[in-house]
Every structure is written in structure tokens, then in C-alpha cells.
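Peer 1: Spelled out, the chains give:
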Amino acid sequence: MELLRIRNLHASIGDKEILKGLDLVINRGEVHSIMGPNGNGKSTLAGVIAGNPKYTVTAGEIIYNGKNILDMPVDQRACEGIFLGFQYPVEIPGVSITNFMRTAVNEQRKYRGLDPLSASEFLKLMEEKKKVVEMTTKLANRSVNEGFSGGEKKKNEIFQMAMLDPTLAILDETDSGLDIDALRVVASGVNKLRKPDNATIVITHYQRLLDYIVPDYVHILYEGRIVKTGTKELALRLEKEGYEWVKEELTK
Amino acid sequence: MYQTIQDIQNRLKKNEVWRNTNFDDVLTIDMQTPQKADCAPANLQCNIPNLEALRVETVNGFCQTPLHTTAEGIIVGSLRQALAEHPDLAGLIYNQTPAQNPFKELNYQQYSDGIFVYVPDNTTASIPIQLLHIYNANLPIVAQSRNCIYVGNNSRLTLIHCDDSLNRQICFGNNVTEIIAGNNAVVDHYKMQNLNDVSGLNNQTYVVLDTAAHLLSVAITLNGGHIRNHSEIIMKGSHCDVQSHGLYLNDKNQRVENYIYVDHAYPDCRSHELFKGILDDSAQGQFNGHVLVSQGASKTEAYMQNKNILLTDKAHIYTRPFLEIYNDDVKCSHGSTIGQIDETALFYLRSRGISEHTAKTLLLYAFCDEVIRKIQLPVLRDRLGDMVKQRLHGDLSVCAECALNCTSSCGCNTQEFKIDPTRL
Chain D
1 MELLRIRNLH
11 ASIGDKEILK
21 GLDLVINRGE
31 VHSIMGPNGN
41 GKSTLAGVIA
51 GNPKYTVTAG
61 EIIYNGKNIL
71 DMPVDQRACE
81 GIFLGFQYPV
91 EIPGVSITNF
101 MRTAVNEQRK
111 YRGLDPLSAS
121 EFLKLMEEKK
131 KVVEMTTKLA
141 NRSVNEGFSG
151 GEKKKNEIFQ
161 MAMLDPTLAI
171 LDETDSGLDI
181 DALRVVASGV
191 NKLRKPDNAT
201 IVITHYQRLL
211 DYIVPDYVHI
221 LYEGRIVKTG
231 TKELALRLEK
241 EGYEWVKEEL
251 TK
Chain A
1001 MYQTIQDIQN
1011 RLKKNEVWRN
1021 TNFDDVLTID
1031 MQTPQKADCA
1041 PANLQCNIPN
1051 LEALRVETVN
1061 GFCQTPLHTT
1071 AEGIIVGSLR
1081 QALAEHPDLA
1091 GLIYNQTPAQ
1101 NPFKELNYQQ
1111 YSDGIFVYVP
1121 DNTTASIPIQ
1131 LLHIYNANLP
1141 IVAQSRNCIY
1151 VGNNSRLTLI
1161 HCDDSLNRQI
1171 CFGNNVTEII
1181 AGNNAVVDHY
1191 KMQNLNDVSG
1201 LNNQTYVVLD
1211 TAAHLLSVAI
1221 TLNGGHIRNH
1231 SEIIMKGSHC
1241 DVQSHGLYLN
1251 DKNQRVENYI
1261 YVDHAYPDCR
1271 SHELFKGILD
1281 DSAQGQFNGH
1291 VLVSQGASKT
1301 EAYMQNKNIL
1311 LTDKAHIYTR
1321 PFLEIYNDDV
1331 KCSHGSTIGQ
1341 IDETALFYLR
1351 SRGISEHTAK
1361 TLLLYAFCDE
1371 VIRKIQLPVL
1381 RDRLGDMVKQ
1391 RLHGDLSVCA
1401 ECALNCTSSC
1411 GCNTQEFKID
1421 PTRL
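Sequences listed follow chains D and A, in order.
Okay, so the first sequence: first residue is 1 according to the numbering used here, each after it adds one.
Okay, so the second sequence: first residue is 1001 according to the numbering used here, each after it adds one.
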């Protein structure tokens, strides 16, 4: 069943057009990987789906769960079940993770007409979800990402994903800056959260991550468009041969 | 009194430290000097849960707490009584800092009374001493109190220094606090101010630290018509440590000023200053920091920062972080920022489903938290954290929910009192 349909998406930052007519369809239960050389629009695509106001959509549409989401503010998209795992998670000194997550969970529950979780219910949920990413640190009094190592920050992204239980998760280079062990933990966290009715977009440079999170489709994003779609074998070929052959194919 | 203060302001027009200070917004022509008979004890309940403190109170400048000696040997109570009964001890601090400006001179000449605290050598005050200055008059008044605090060698003292209005009458407080700390003494001085919108406070603090003494000062201005925190800190020996921080949250037509002077004349001393503020509506703030590092003060470390968030186009901050350095072997830095909320952080919070309004409130609180965290006393830190949250949510009215639980019926619950994050 179709979850996301992106049609002819054009988006710019300032005067610079980055996405130049991108098309993508994602069904529930699928994992899609987006690969491509630096500076060709992967993070922009993630930001535009999540609703980052720094990008302007100049043409096209994004239909998510049957709704055009381009007019929705970022927080509403999150409440609709879209989650963005940041490439560079933001440090927010002074906001504790507990308070941050409790506010987020309860605002999302409110949006869906559910009662807020009580403090004890919430803490129980948090303890349970920490296990998804093997988080052992006491989070209660720590500020969001403040003083976290690269690995902790990425684990924290997946922890938040577990807490919020999104329908569509977009993971923007979640593997960057991770050592092998942390990569395994993060990837297995993502796999534990897979369900038949949700979908995941994994943006990555390296085939390595896809050994752990096995994608149904691999797309190549080049010059603002999806120029090639294949299966995980496509990622293996990219790992071996780079992007030159893709570029050559395109110029033919 | 009105004319006296006008004359002082005229005299100060060319004084670099005071020339931008003008209290006309909180002065009226009919201001009186309060009489002792009018200043009854206020009978307040302190609303900081689990705070155990020795409370000393002035009402309109008159001390309500008779001088007494605690089991630990700390002498505390009315300054005038101390001058009469312990002139030798009071003399250790009384008039030890000169009346170097006309507001201080006025206080020295005319103060009603004030609070005396004497902590002998080698004594740790087991509980904080709360200096509670209450303003509660039926007429517009100029209240003047004078505090003399002596902390002996190797001794420790925590002061919780509150200035609170109990009603909506105009009041101008012209207060002076002198603190002398001996060798290795540790003084924590928390100042909390919650006055009504028509009252002013010129709160001058003079601290003299002896060798290796430590001072922590955190001034939290929650509300008030026009508040000036004027601090001068002098280190009279090496290895001193000064932490002086402040937070101000002002709206409407309020004015707030922080002046801080730190004198480094000896080697191996450190000073840290962090002042942060959020200004809403037409509020105006000033930060004026001056660190003087003299020739002999090698290995000085001095850092000064002032960060501000302005919520409207009409809110103003005048900021001047100023270092004056005559020694090459020092580490010093200073800086000021005036800005809005960090867009990246805002997007991060919102991307988890948190509404724009809530996300901004969280970030404004986080901005304040950096100063709140400097408070070492957990119960006070939690309480002030809550009060700042309430202030940001608009729930805090001027005296119903300050450090005190206001029992008088001043009707302040009806007062709109809100820093509005939606304006960012």
C-alpha cells in the first residue's frame, strides 16, 4: 500500500535549485536506500519531506498517507508520523532529554486525540525504548545531545525514533561517524522498529550499512533527480565502481 | 527625597559608570522617607519548599530581626543594634568601603537600618542566611537599607538576598550591601528581585575578597519597574575566584541594568561573568561590565559574557563588555550577543512534533538555564527554575509566586505578567 508519493519535486535553498524534478514512490513495509555523490540533494530531500523551512518547494507535490503535506508545518508532519533522523543531531543545552521526549510524545498523542502519558508511564516507556539501542546511560538529567559522542548522538536519534514510533522514518546518514559496533547497534535498532505498516528511507554513502539494514530498493540521486533505481546489488556495484559509470550512462 | 535624587542624577550625568542611569520612571514628586512605626513585620511564609534558612527581614529599610548570636557563633540581625552592641565587630566592615558615588553617599547618610552578619573565623554557616527586603508602604517611599556582611578567614556563608514588593505602591530602594570575606572564605550570594512594575531598586553591592577567597554571585531579576544591580568586587590577594552571574527577564516598560566592576590587582585570580536576559515589549536593558587587570596581576583569568534575546522591535539592550588590561600574561575574553532563538535547534525540536510555541518556550528556558545552573543550592535552583518557567509561561504574578507566598491582598493575581515567546 502506497505511503509516500513524490512527484516532480523542485526545491531550492535561497536562489539555488537543488531538487530538479524528483519522483519517488514508497509503499508501507518497504525500506528504500538513497545513495549518491555529495552535494546532489540527498539531505535536501530529507529536509523537504520533514518540512525544514530553510528549503523552498517551487514545484511538485508530496503526498503522504493520502495527504498533501507541503502546506503542513514541520511539527504537524511529525505528528502525522514522519520522523527525520538527523545527520548532525543538534545539541540543546538546558533542555533535558526526558523533558524533550515527554513533551514530544505527549504533543503527538494530543494531536491523535490520546491522553498524555503520566510521568510513570512515560519513564517506563523510556526504559523500554532505551533497550532498542542498548543505551545504558542515565538520560534523566542530561541535556539533548550535549557532550554526546558521535555514536551516542546517532543512538539517541534512533532512541527518539523508537519513542515516537513513526510511520515514515528518514535516516540521513545515520552511519556517518559510527564505529563498527555502534553501527551494528544502530542498524539493529532500526530493524527492530520495522513493521509491515511503516517504511524507512535510509540515506547513506556506504554499502556497509545496507549489510545490516537490507533495503528493498536502492535509488541513486544525482543532480536533483532519482536517475537509477535497483536492488541491493546496485549498492554493491556502487561500492566497487563508484559513480562514474552512472554519470557516463546518463550522458549517453 | 524626590529633589535629592534629582540632584544626585544631575551630578552623575558626566560619570561614565552612571550617566545612563535615570530612575525618573520610578520616582514621584511626593516620595516620603518611611517611619519605623509604619513598618510592621510582614509575616510572610517563604515558599521555597524544603529551604532551611535563617531569615532576617527588613521592611521598607527597617530591620525586624533583633540582633542575636546563633549556636554556631554567627551574629546576625539589626545593623544599628550591632553598631551599638558590638562596635568592634561592626567596625570590621562598617565604612570599610568608601562612599564613592552619591547614591552610596545618600545611603550612608540616611539609611534606616539594615542587616548585620558576622561569621567568625573557621566557621561554616550550616544553613543559608536569607536577607529579605520587603517593600510594603501605603505611600510612595524611598527605602534605604544597608547590609554589612563579614565572613571570617576559612569560613563559609550562603546568602539568599531577596527584594520583594508586597503591594502595588511606588517604592524606590536605595540599598547598599558590603561584604568582606577573609582568607579562604567562601561566599555564595544569591540575589532575587521581584518588584512591582512601578517600583525601582538601586542595589549596590561591594565585595572585598582576601587571599584565596571565593565569591559566587547570581542575580536573578524576575520583575521590577527599574532595577539596577551595581556590583564592585575587589580582590585583595592572590588565588581569589569570582563567579558573578545574572539573569533578567523583563517586559512592558521595565528597565534593568547590570553594572559589574571586577578589580584584579593580584596574580593568579580568576573571574567569570555570565549575564543573560530576555526582553519583551518595550523593556530596556543595560549591561556594563568592567574588568580591570593591573600590572601586577599575572596569570589572571577573566571571562565576561552578555547574551540577550529581544522578543520585539521595541525592546532594547545596551551592552558594553569592557576589559582594561595592563599585564601580558593573562587569559581574558569578553563578548556580547543580541539575537533570537537558534533556528536549527527550533527545527530539531519541532521535527519531533513539538509545536512552535512550546519549542520556543523550551528554548527560552534553556537559554535561562545556563545561569540557573550556577546556583549551587539545589532547592533554590529548582525553585528558581520553576519560577523562570512560570515567568515564560506567563503564570507568575508579581508577588503571589515569588520566593514568598504573598498573603496580602494586593490583587496582583490579576496582573498580566508574561514573556511572550510567540513574538519571536
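It should be emphasised that the hints constitute simulated quantities derived from the structure, not laboratory data.
Every residue, glycine too, gets a C-beta built ideally from N, C-alpha and C.
It is possible that part of the hints are untrue.
[What the hints assert, rightly or not] Within a straight-line C-alpha distance of at most 25 Å, the following computed SDA-like cross-link-like pairs (lysine to any residue) qualify:
| # | chain 1 | residue 1 | chain 2 | residue 2 |
| --- | --- | --- | --- | --- |
| 1 | A | K1374 | D | K124 |
| 2 | A | K1374 | D | E121 |
| 3 | A | K1307 | D | G94 |
| 4 | D | K67 | A | E1356 |
| 5 | D | K153 | D | K67 |
| 6 | A | K1389 | D | K232 |
| 7 | D | K124 | A | D1382 |
| 8 | D | K232 | D | G147 |
| 9 | D | K54 | A | Q1390 |
| 10 | A | K1307 | D | I226 |
| 11 | A | K1389 | D | S149 |
| 12 | A | K1374 | D | K16 |
| 13 | D | K138 | A | P1378 |
| 14 | A | K1389 | D | L123 |
| 15 | D | K110 | A | K1374 |
| 16 | D | K110 | A | K1307 |
| 17 | D | K124 | A | E1343 |
| 18 | A | K1307 | D | E121 |
| 19 | A | K1389 | D | G94 |
| 20 | A | K1307 | D | G147 |
| 21 | A | K1374 | D | G242 |
| 22 | A | K1374 | D | N52 |
| 23 | D | K16 | A | E1343 |
| 24 | D | K54 | A | H1357 |
| 25 | A | K1036 | A | N1050 |
| 26 | A | K1389 | D | E121 |
| 27 | D | K67 | D | R194 |
[To be verified] Part of the chain A face toward chain D, derived, beta carbon under 7 Å:
| # | residue |
| --- | --- |
| 28 | C1332 |
| 29 | F1347 |
| 30 | A1366 |
Peer 1: Hints first: check each against the structure and report whether it holds.
Peer 2: Comparing the hints with the structure gives:
no., hint, verdict
1, K1374(A) - K124(D), "31 Å, violated"
2, K1374(A) - E121(D), "32 Å, violated"
3, K1307(A) - G94(D), "15 Å, holds"
4, K67(D) - E1356(A), "21 Å, holds"
5, K153(D) - K67(D), "32 Å, violated"
6, K1389(A) - K232(D), "50 Å, violated"
7, K124(D) - D1382(A), "24 Å, holds"
8, K232(D) - G147(D), "36 Å, violated"
9, K54(D) - Q1390(A), "32 Å, violated"
10, K1307(A) - I226(D), "45 Å, violated"
11, K1389(A) - S149(D), "30 Å, violated"
12, K1374(A) - K16(D), "45 Å, violated"
13, K138(D) - P1378(A), "19 Å, holds"
14, K1389(A) - L123(D), "22 Å, holds"
15, K110(D) - K1374(A), "35 Å, violated"
16, K110(D) - K1307(A), "35 Å, violated"
17, K124(D) - E1343(A), "32 Å, violated"
18, K1307(A) - E121(D), "38 Å, violated"
19, K1389(A) - G94(D), "12 Å, holds"
20, K1307(A) - G147(D), "21 Å, holds"
21, K1374(A) - G242(D), "53 Å, violated"
22, K1374(A) - N52(D), "34 Å, violated"
23, K16(D) - E1343(A), "20 Å, holds"
24, K54(D) - H1357(A), "19 Å, holds"
25, K1036(A) - N1050(A), "32 Å, violated"
26, K1389(A) - E121(D), "24 Å, holds"
27, K67(D) - R194(D), "23 Å, holds"
28, C1332, "24 Å, violated"
29, F1347, "6 Å, holds"
30, A1366, "3 Å, holds"
In summary, the structure is inconsistent with hints 1, 2, 5, 6, 8, 9, 10, 11, 12, 15, 16, 17, 18, 21, 22, 25 and 28 from the numbered list given earlier, while agreeing with the others.
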